[in-house]
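A.B. asks: Chain by chain, the residues:
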Amino acid sequence: MIQDLLTNKKYLFASGANTELRAQRNLNRRAVLLNGALVGNVRTEQFGVSARVYENGVYGFSSTAEYTDETVKDVLQAASENAAFLARHAGKGKGPHKAMAPNRIVTAYDLNDVEQRTYIEFIQALDGYIAQKYPDLMSRTIIATADSMEKLLCVSNGSDGHSILPRSYIYVVMTMAGADGQPVELYEVVGGGYGTFDRNYTKPEDCYAEIDKLYDRLRQKAKDGVYPEAGTKTVILGGILSGMLAHEAVGHTVEADLVIGGSVAGPCLNKRVGSDLVNLVDFAHTAFGQPTPLPLYVDDEGTAATDAVLIKDGILVGYMNNRESAERFNMVPTGNARAYLFSDEPLIRMRNTAVLPGKSKLEDMIASIDDGYYLLDTNNGQADTTGEFMFGVTFGYEIKNGKLARPLLDTTISGVAFDMLKTVDMLSDEMIWASSGMCGKKQPMPVGMGGPAVKCRVNIGGTRWRPCRRRARTRPRPTSPTPSPMSSTWTEASSASSAPCSTSSSP
Amino acid sequence: MDGGEFSLFRTLFDKQLAMTAIQGGRKGIVAQNRYDEATLRESAKACLEAAASAQPDENWDFAPLSQNEDFVLGEVTPDTDKLFFRCQELMASVKERFPTIIMEQMIVAHKEVLKAKANSYGVLFSTHQGSYQVQLMFSAHEGEKASSFFGGGVIADNLDKPFLELGSIEKDLADVERQIDTTSVGGKFEGTMVVTPGCVGELFYSLLADFAGEGGLLSGTSPWKDKLGEKVADERITLSLAPLDERIVCGDRTTSDGFRAENFDIIKDGKLSAFFLSLYAANKLKLPRGKNDSFNVVIAPGDKSIDEIISTIDRGIVIGRFSGGQPSSNGDFSGVAKNGFLIENGKIGPALSETMIAGNLADMLNHLRAISREQVADGMSVLPYMVFDGITISGK
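First to last, the sequence lines map onto chains A and B.
Sequential numbering from 1 applies to the first sequence in the working numbering.
Sequential numbering from 1001 applies to the second sequence in the working numbering.
For reference, chain A alone in the conformation it holds in the complex:
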């Protein structure tokens, strides 16, 4: 646990300014088996303290990897000097943010940082199971990951906090020869979610059913997969895809900093952007009476986290804000200011963004389509501030005469979010969440996203080429400093694309 060296420095906070002090530790653990060989075995830790000062409408920020009484004072002073420097050159004549009631919000979690051996032995057991049961695979990759963020926050105005956000996951990637001999790939996140590895994974046998299901889907895809017919089609987006839509195609456009930057949502506030059935919320810590996949109780500006209602009955009703943008738009801040590392300043970020379920049964939705597609899995997606989106689809089925037909090979869908949402005419009464995602808007950030099955119209594109194949990738190290304002990687920040806007869900 991080020792509190912050609270007793409050006497140094300048009056007439907003000040935040944050000490933070990020842990990452990772083990990778490729065809039984351990090709990744890494543990990382990043720890330090930062200060941010808001004065005259601009921010000063500073951070250091040393965490002592002296360095806390040093970063506070440096942040104040930086704010003063910028205020001299570009001050906006603004006073401090609106006052918030003081509070202290603590999220307890017993962070058990297990040995590397635990990850390796667990995935070795899974690898042995797969190798023995499915010898016809061309290759198999198993990845165990765990990350956590512990934050100690002390603010001049609002809620202090001490939070821990741990996650852990196992990814299984399988490759099989397709009908023409070319490799066909599919992957799945097996178990996992909020919590440390030892709590999420107790017995390898608990993962076997999901592995068997993955193999079965891959076999269907490899042996019988077809490309969809290109064109504008009626489809059912499964919950993983509707969650991607909620986050990538809609969520980013309603982040207030991107609204200020000119996103499509700016002129759409209080206007219809979807059919009456569409509701979209960025949940903080509780949804439908249950904890969200990645619960957040206080953000890094000291705002107690509450839900941000974005679309209600098809009308765009709000944005996600930090305290500064909330004042600009005369909205109530809901705790969306989040920083990834101790050395990062808080940005407007999503927490757990979801399309809300409707009242239809999935089987009725399928039965209502004569000629369309049921799209289940995605490995990547990209969206524009105009709302134009593209998602890769890795698994799905044709729908013919109200029934599921042949499985699909890899394809893409595209559309314009606020046009596409107006075509939604059925939503299933059940939804699913995903939480292994890592959004990459300037900084990486763990996020949850989810949704029900959504019936709508999108552009679906086949490809004229041979069957697509995918696999775990070893990427060269990106050297581009190109910002990624709206990108998400499902799995690891280090693989964030250099493209201005992208989402990748490959492990």
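Don't read these hints as lab results, they were simulated from the structure.
Check before you lean on any hint, since a few could be wrong.
DMTMM-like, lysine to aspartate or glutamate: derived pairs with alpha carbons at most 20 Å apart [to be verified]:
id	chain 1	residue 1	chain 2	residue 2
1	B	K1286	B	D1061
2	B	K1396	A	E229
3	A	K361	A	D429
4	B	K1304	B	E1235
5	B	K1225	B	D1363
6	A	K73	B	D1014
7	B	K1015	A	D69
8	B	K1111	B	D1160
9	A	K400	A	D364
10	B	K1396	A	D371
11	B	K1082	A	E81
12	B	K1115	A	E66
13	A	K361	A	E398
14	B	K1115	B	D1036
15	B	K1045	A	E115
16	B	K1095	B	E1144
17	A	K92	B	E1005
18	A	K422	B	E1354
19	A	K92	B	E1089
20	B	K1161	B	E1075
21	B	K1286	B	D1057
22	B	K1015	A	E70
23	B	K1396	A	D419
24	B	K1115	B	D1070
25	B	K1188	A	E229
26	A	K94	B	E1005
27	B	K1015	A	E66
28	A	K271	B	E1144
What you are looking at is a predicted structure, and each value in this text was computed from that prediction instead of being measured.
Given chain A's structure and the hints, the job is docking chain B onto it.
C.D. replies: Just chain B now, kept in the frame of chain A:
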């Protein structure tokens, strides 16, 4: 800057320490950001424990001792006032010359890095470097109409030039201003695709990683796995990884394995001349290692200007950004052509939206129509326009 206004000024001080242990062929890595004695000892212990947990593989190794060296690169001490001036200058130029542009975000930084790489064979390289980085994200607006956003970045080792003159920033701003009103190509056809230098980098990133990188070779899925020395591309294509090129700013002087970095060709006159392999992968595959792992791509220019090339195209598109998934490991790709324009009868026409493209990266390399004489150097790569035939282009 956010939304066209200065918003934050920050100074960061950080440390990084990565330890790799190879003991009995077992490898473990631990990384953290403190240098105090207790943390160092704790990290070394954790590193050895991680290695002990691993399976043995005789192919793990470090670089042997050769010639140690200290490098000083770029401008290690920032000129903060001039940096701020260049920011103000850029914003003033944008306001005056590109009035419809909203600069959603501009991040300008000076980064000073002091690093050392050492191993138990006696290798010790140190590097002290400083560079300026400019990252932009912007779109153009008229009333409620807006272009797609565009992002770009440049690295420089001095502040001698206005930011507008770096990389392709000026052209990118001008192009985006013309992308407020768009059209879709309409229908589906096989045509010519002009790929801008920035987009060339995006496309070749996947190609090199999957075809010439160790992932595809270790798993055996790379289509080029048996093609070393053979023709894989049009003979006009020469592609190098060149961190030591004078147009690359603060390129790596050492590899991750501890070798001194050298430039090398992946494709030379259309032939595959090397793979992009770490020492581990090279040992495992019994192939030569890559002479650097920096991914500073340099593609040799052609002999015609881009305007001359476009004048010969009957029907095609210019693509400024590719919005698609990672191409498949066989090179198949499909996605949306962003920040692009229609080409008809040798002339650039209206900007495009909702236009999809599909193709295969390996086939593209053999369907090269032309490479431009112009190259764009952004401090990280040096890339020309590349023009390919046989791309499937479809509209709404």
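A.B. asks: Do the alpha carbons of B/K1304 and B/E1235 lie within 20 Å of each other, as the hint requires?
C.D. replies: holds (16 Å)
A.B. asks: Hint check: B/K1115 vs B/D1070, CA-CA at most 20 Å. Holds or violated?
C.D. replies: holds (10 Å)
A.B. asks: Does A/E115 lie within 20 Å of B/K1045 when you go C-alpha to C-alpha?
C.D. replies: Status holds; Cα separation ~12 Å.
A.B. asks: Check whether the Cα positions of B/K1396 and A/D371 lie no farther apart than 20 Å.
C.D. replies: Holds - the C-alpha atoms of A/D371 and B/K1396 are around 19 Å apart, at most 20 Å.
A.B. asks: Holds or violated: A/K361 and A/E398, Cα atoms, limit 20 Å.
C.D. replies: Satisfied, since the Cα-Cα distance of roughly 18 Å is no more than 20 Å.
A.B. asks: Within 20 Å, alpha carbon to alpha carbon, are B/K1115 and B/D1036?
C.D. replies: OK: B/K1115 and B/D1036 at ~17 Å, within 20 Å.
A.B. asks: For the pair supplied as a hint, B/K1015 and A/E66, confirm whether the alpha-carbon distance does not exceed 20 Å.
C.D. replies: Given pair B/K1015, A/E66 holds - Cα atoms ~9 Å apart, limit 20 Å.
A.B. asks: Mind checking the alpha carbons of B/K1396 and A/D419 for me, to see if they're no more than 20 Å apart?
C.D. replies: holds (14 Å)
A.B. asks: Is the straight-line distance between the alpha-carbon of A/K92 and that of B/E1089 20 Å or less?
C.D. replies: holds (19 Å)
A.B. asks: Checking one constraint from the list: CA of B/K1015 to CA of A/E70, max 20 Å. Satisfied?
C.D. replies: holds (17 Å)
A.B. asks: Is B/K1161 within 20 Å of B/E1075, Cα to Cα?
C.D. replies: holds (14 Å)
A.B. asks: Given the hinted pair A/K94 and B/E1005, is their Cα-Cα distance within 20 Å?
C.D. replies: holds (14 Å)
When held up to the earlier numbered hints, the structure conflicts with none and fits them all.
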